Amino acid sequence: MTYLSNIVRSPGDPKIIRSGPSSLGTADRLARALGWFSIGLGLMELIAPHRITRTLGMEGQESLIRAYGAREIGSGILSLSIDKQVGLWSRVAGDGLDVATVMPAMRDDNPKRDNVGLALAMLLGVMALDVIAAQSVTSRHSRGSRQWRDYSDRSGFPRGIESARSQAHRRPGSRHEGPGIAAVH
Amino acid sequence: MRALVWHGKEDIRCDQVTDPGIEEPRDAIVKVTACAICGSDLHLFHNLIPAMLPGDVIGHEFMGEVVEVGPGVNGKLRKGERIVVPFTIFCGECEQCRRKNFSCCERTNRNRKLAEATFGHPIAGLFGYTHLTGGYPGGQAEYVRVPYADTTHIKVPDSLTDEQALFLGDIFPTGWQAAVQCDIEPTDTVAIWGCGPVGQMAIRSAILLGARQVIAIDCIPERLSMAEAGGAIPINFEEESVIERLNELTDNKGPEKCIDCVGMESHVSMSQPDTIYDRAKQMLMMENDRPHVLREMIYVIRPAGTISIPGVYSGFSDKIPLGQAMNKGLTWRMGQTHVNRWTDDLTRRIEEGEIDPSFVITHTVGLEEGPEMYKIFRDKQDSCIKVVLKPGQEVTIQ
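So the sequences go chain by chain: V and F.
So for the first sequence, UniProt numbering puts the first residue at 1; every next one is plus one.
So for the second sequence, UniProt numbering puts the first residue at 1; every next one is plus one.
Because the hints were derived from the structure by calculation, they are not lab data.
Only a predicted model underlies this, so the values are computations on that prediction, with no experimental measurement involved.
Some hints here could point you the wrong way.
Unchecked claim - Simulated crosslink set (DSS-like; lysine-lysine; CA at most 30 Å straight-line):
#1 K15/V - K113/F
#2 K31/F - K79/F
#3 K15/V - K79/F
Could you build all of it, start to finish, from the sequences and the hints given here?
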């Protein structure tokens, strides 16, 4: 990308020789990957729900799969945004919903029972990844403890606030010249 | 040299890049001794400002030593001089510059056609910002090429430290211009939304300009403590109603002057449904800005009051109640800062000890720690309010 963007730069502008460490952490990159995965899966659920229901022996639930597809896309967009914690935790909740929906298809009379088992294993694996990502991102980006530094000694006025307030009255031509004007509140 | 480079959303890296050189006669090369991360850099970090390209060197608040000058600088700047570089690049000769509207300079935006298509008319070139404002490489680097250097500089008196002078390039004149634009009267209440670095400077500026009462609105305790230290009455909007408290402090009449130091990324809160609506629209690229603060200001301000906007907005904003604003007869003042219009006066005020802008610095680190500091500053971790980066120094002072 930087190679392409260099085309529009002035010849003298700095060009990258060697890239250094990024502000993106491992957790952020995992969130990004899960976001794109979510959008991809969501699109598949929206476009081809019949293939999914046939594979799992869940015919007749196409509308529900489409709704889950929309949910996946929403979670994906959130996971790719700066509010990625919300997106990832919504993915965890969605994983729970997916497992609850697929579980009844594990019944003995379902000829696609093996596929359902595989799908459940995949769902649980992705769920574990989502939980790890959500926890890591939350811990990396939260403000942390409730303790904060008190800056009440930083007025910025070396001579004190009262002296600063009086500056406006001292300046020649100031609208603050002369005796104080009573408040009109 | 090393520089902080934008690679995409939330992806800033400290890269090894080629050194800048003199390209035009009026250029100078500055060796950066100190630079800062500005709140508006976070809009780039979040990829909310259009026309950024991977590989852009960022940073627009910096100072240093002149190490090379072009033949067109004509002695107005010499090697070895210490300067602060204003974030707005200006020629000093066009009609706008003659009127001291430096951020509207007609010549310095080198992507003139792109700017005309976007804004209707070009605005000045800015360092380390979008290609809509020229795409000039920024100052979070070891060296910077300063175009139009014979005018685009502020000479630093020997008596001032880097920390005292650095913010003359952006946040101090930005807060100052925001307060000046309010035409503060001695009877005025000035309400300031956002206690980040620009908000802190606006608070001090309103005090110096003689406001009767200054009120600061935020939800971060350390920022509110710094605001209170500067003479403001704090309102924590997560603990009390802004509108009720402002009315209480102004005998139910509302503040005469309101300053928006928040801009396009207002805080998202469950108790304010419009902020959630804005965030959702911004995420879906249906709206550029989250203008909750503007809505609140228009509602609470006293009729015939003035709204001043130094906070950055990037494009389209939704649900701005212009009907309220029109019927209340409000005056709106806004814009990028005409930095050098104010800096002679502000430099003198620092020299005379009226104000010391270094109070706002909470973190000083080396350039290579810049990417991590973007995250810390954005996430408001470690009570971070203002980060200063020192290229060429391995420092971690807090």
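Hints versus structure:
1. K15/V - K113/F: Status holds; Cα separation ~24 Å.
2. K31/F - K79/F: 11 Å, holds
3. K15/V - K79/F: 25 Å, holds
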